[in-house]
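Listed here are the chains, written in short residue letters.
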Amino acid sequence: MTLQRRQFIKASAMAAAGAALAANSDTSAKAERAVDPTSKSPLPAISDVKWDKAPCRFCGTGCHVQVGVKDNKVVAIAGDRQADVNKGLLCVKGYHVGLALYGKDRLTKPLLRRNGKLVEITWEEAIDTVAKRILKSPKTFAIYGSGQWTVPEGYAAQKFIKGGLANNNIDPNARLCMASAVTGFIGSFGVDEPASCYDDLDVCDTVITWGNNPAEMHPILFSRIIDRRSRGQKVTLIDIGTRKTRTTQYADHYFEMLPQADLALTNGIAHLLIKNNTYDKSFVEKYCNFRADADESKPSLKGASITFERYKEKIAPYTPEYVSKLSGISVEKIKFLAELFADPKQKIVSLWCMGVNQHTRGTAVNNLIHTIHLLSGHFGKPGDGPQSLTGQPAACGTAREVGTLAHALPGGRLVAKPEHRAQCEKLWKLPAGRLNPKPGTHTVLMWEKFCTPKGAEKNVDTIWVQVTNPGQTLPNAHKLFLNKKKQNDRFLIVSDVYPTATTELADLILPAAMWVEKNGIYGNSERRTQQWFKMVDPPGDARDDCWMTIAVAHRLHELGHPGMKDKDGQFIFDYRDANNNPLDIWKWENYYKTNVDRLLYEEYRPFTHMKHKNVAPYDELVKARGLRWPVVETKPGKWTETRWRFTEGYDPFVQKGKGMQFYHSVSDDDRALIWFRPYTKPPEVPDKEFPFWLCTGRVVEHWHTGSMTRRIPQLQRAMPSAYIEIHPDDASSLGIANGNTVTLETPRGKLNLPAWVNGRGHPPRGSLFVPFFDESLPINELTLDAHCPISKQPDYKKCAARISLASSEAK
Amino acid sequence: MPISGLVITLQQNESGQSALARIQSTPTFEIGKRDGARLAAVLETKTPKQDKHCWNWLNQLPGVLFVDVVFIHFDEENDADTKPNCLTHKILNKLDSSELHSPSIQTNHILASKD
Ligand code: SF4
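These protein sequences, in sequence, are chains A and B. In terms of the working numbering, the first sequence is residues 53 to 863. In terms of the working numbering, the second sequence is residues 196 to 310.
Please keep in mind that the hints were generated in silico from the structure rather than gathered at the bench. Among the hints, a few may not be true.
[Claimed, not checked] Taking lysine to any residue and the SDA-like style, the derived pairs with C-alpha atoms no more than 25 angstroms apart in a straight line are:
| # | chain 1 | residue 1 | chain 2 | residue 2 |
| --- | --- | --- | --- | --- |
| 1 | A | Lys286 | B | Asn208 |
| 2 | B | Lys247 | A | Gly811 |
| 3 | A | Lys161 | A | Tyr644 |
[To be verified] Facing chain A, a subset of chain B residues (Cβ under 10 angstroms, in silico):
| # | residue |
| --- | --- |
| 4 | Val202 |
| 5 | Glu209 |
| 6 | Leu215 |
| 7 | Gln219 |
| 8 | Thr221 |
| 9 | Ala236 |
| 10 | Leu238 |
| 11 | Lys247 |
| 12 | Trp252 |
| 13 | Leu256 |
| 14 | Gly258 |
Just so you know, even glycine gets a beta-carbon here, dropped at the ideal spot from N, CA and C.
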C-alpha cells in the first residue's frame, strides 16, 4: 500500500470515528431519533472502493455494516451510521465480518462420497442426485434449516417440502435456540415475537438479565446501556444467573441462583406482588386473564382459564422463604426484586436468550417473565417491557415468521388448521388438500429417527442440511448425530461454506454462497426486516442455497413428481417477467438475471397480514436499514414501522380508545395471559457419581460453532480453543491448576479440556462451564437431549458431570 | 496492515485521564476528537498479530470502559497463518490430526489469555 493511500485510509478511519462520536453525542435525541433512510451517509471515500449496506452476518442484534468492495473482494467494513440498531458501532465480530468470506478452505465444488471418499462432481450431477434420492422416498426426506437462512431461502425450502412434497419434515436449528420463546409468546399473547424493541434500552431505568450475558452475546445492545452510564445517566443493571460473566462485571446487583430456579424466582416475585397488593390492578383488570394447566404433570401451550382467586391459591406456596430454598437467592433479594416490580415509576426491561430458552421448562419460564411484567403493568411503554433476544440473524425473520418449523406454515399459520392450509393452498395456487395436516418431526426427533437403525422408528432416511452445523450443535451428539455412521442406508446432504463437523459425515456436500455473495433478507430480534444486495461473487462453483432448492424442485418436476406442479399444471416456482415470459430461475445462468429475492419475498408478503405482522414491501427495505413490522402505508407511498406492539398510539392495529389491545389473544378477548407454571426439578441433577452442574454456551469472539469466526485470524487468535471453567476451590480440591488438562464426563460421554480457573466467567462451587464453538472439543457429545415438552427445545444449560485431572497430567 | 477507527469510552476520573495519557503516548494510536468521556482514535498496526495485541492492551487498560470499532480496513490481510483447528479441515486438507488434541495448543491459549 502506498504511503499516500495509507494516509488516506487513516484519515477515513478517523473521520468515521469522529462521525460516530458526533452521531452518538446526544442520547436523548438518539432515543427518539428515527433513521432517515434517504439521507446520504458520509462514507470513507477510498479510491476504487464501492460501499453498500448489509446487516451483520452474525448475531440476532442485527447491526448494519457498510461493506467496502474493491475488485470483487470485500476490503473494508464500517459501522453504518444510518442504522438505528448500532448507530455506526460494531463489536469485535462485526468489524471482522468481511474476513469470514476469505478462509482458505472455502467449499467450492460439489462433493459426493464414493467408497468413503469425497469426490468432485458437477452441479448437474449433484442436483440430480438429490432429486432422485427424494423421488425414491419423498416421505422419508427431511430438511434441517436455520435461523441463518435468508427469508427467501427459508420460504423457498418450506414451500418446496410442505407445498410440493406434502411433507412437513422440516425444522430449523432455531428449535435449539428460540423455540421456547415462540411458545412463550404464543402462550402469553396468542402470537409470536416481542411487543417491545431496542429503543427501550435508551430510556429504561433498570435492565434485568435473566441467565443472559449480552456483554458477550449481544455486545452492541449492551454498549447502549454502558454508553448511557458513561454519560452520567443512571441505569441499574441486575444480573440473575448461575455463573458470573462479563455482564456481571457491569452489574449493580448479581443474584446467583441454582439451575432451574428461574421457575421459582418468577413465581416468588408474582407471589409478593399479590400478597402485598402491589400488582397493577388497573392493568390486570383491563388487559389480562389468568391461566394454568388443568393437569400440571402435562404442561400444554394454552392451558385452561382460571380465576384470579385460583391464581392466588396456586401462587401462595411461593413465599420468599420457599423460593429462597429452591433458588439459593436470599429472602431480602427476592423481596428487593418484588419491590422493584411493584414500583410503577420504574421503567424495567427484562432481557433473556438461551439461559431461559434452552431449558426443559423453557416455555414456562418465558410465560413467567411475561407474567411478572403483566402483573406489575411494566409492559407496552417505552423503556418498560420484556425483550427476548435471538442468537441468529434471522431466527425471527426466517425461522419463525416464514413458518419453517415442523408444525407451522407462513405468517403464523399451522399445518393442523384446515383454514390455514386452505389459505396457503390458495396463495400458492395448489390443489385443495395438497398440504399435509400432520406436523412433521421436530429437530430432536428428526435426528433421532435419522440415526436409529431400520425399524419402526425409521421415517427419516435423507436429510438436507442448509446453513447450519448440527454435527456440532445437536445435544447428546453420539445419539443424535454420530450414530449416523452406523446407518448405511441414510443419506446426508449438506450445503455449507466451510467444512464442518456436519460435512464430515455428509454423503453429498453442496458449496454455498454466503452473506454478501448473494442477495438476502434477515429479520432481527426486534421485528426488524433487513435487506441487502449481492456485492461479490462466491468462490469457485459455490451457489445460493435458494437456487439449490429451486433447482432440485425443478429436477423433480422434470422427473415427474406430481407435487412440483400447481393446480394449473405449472411448476411451483414458475415466475414470469412483465411480458409473461418464463424466467427459468432454476438455471444458474438465469438466477441473477432477475431479483429472485424480490419475487419470493413479494409472494411471501401477503402471508404476513393474517397475524398483523405486515412486513414492508421489498423496495422499502432497499431504502431502509431495516423496518420493524407491522409496517403499514400511513400515506400513499409512506410506510411506517411499529416500535411498540399492542399499544395504542404506536401499533396501527390497536383500535382507538383501547389503550392496550392483545388482538391475537388466546382467550379471544384482546387480553394477555398471566400464567401459573409450577417449579419442577431439572431432568438430571448432580449426584455422588456426577457431582457437578455442567453449563454450556458462547464467547464474544466466536459465533455459534465457530465455522466462520474460527477462519478469521484475529478472532481465532483471540480465542483459539475451548476450555472448562472451574471454581478455584473445586480446582484446588481436585489438584487442578490453570491450564491442566481435565477429563470431563457426563453419562453420555467424555472429553479432555484445558482448565481455566478464575478465567473470563466465574462459575460457583460445584458448577462448570464449557463453550461450544470449538469443533475439536465437541462438548455437545456430553450434553442432554431432554427437552421442553411444549417447545421441544433441549436444555444445554444443566446436566450432571464429573471432572478429574486427565491421566496425561498425572505425575 | 490493519487500520481501525475506534471510539473509546473512558472513565470520567483520574483513571480515565491516565488511560488517555497512555493511549496518547502509544505510537500505534492516533487520537482525534473528544466528546466528554468518548474519544475518536485510529489504530494502525503492521500485522494482524500486533493489531490483536494492541486491541487487548486497550481493552484491559485501567480507565477504559468500552471500545467500539466503527471502521476497519483489511485489504492486505492474509489469513494463511490461521488454520482452523478443526477435524474436517484437517481431513480434507490431509493435515496431521495428531495436533488437534495437543495439550500444548490449549495450554498456550490459557496462558495467552491470562497475559
Ligand atoms: S453485536 Fe451482533 S450483529 Fe452487532 S456487530 Fe456484533 S455480532 Fe454483528
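Okay, the hints, checked on the actual structure:
| no. | hint | result |
| --- | --- | --- |
| 1 | A:Lys286 to B:Asn208 | holds, 17 angstroms |
| 2 | B:Lys247 to A:Gly811 | holds, 19 angstroms |
| 3 | A:Lys161 to A:Tyr644 | holds, 20 angstroms |
| 4 | Val202 | holds, 5 angstroms |
| 5 | Glu209 | violated, 16 angstroms |
| 6 | Leu215 | violated, 14 angstroms |
| 7 | Gln219 | violated, 15 angstroms |
| 8 | Thr221 | violated, 15 angstroms |
| 9 | Ala236 | holds, 6 angstroms |
| 10 | Leu238 | holds, 8 angstroms |
| 11 | Lys247 | holds, 5 angstroms |
| 12 | Trp252 | violated, 13 angstroms |
| 13 | Leu256 | violated, 15 angstroms |
| 14 | Gly258 | violated, 12 angstroms |
In terms of the numbered hints stated before, the structure departs from hints 5, 6, 7, 8, 12, 13 and 14, listed from lowest to highest.
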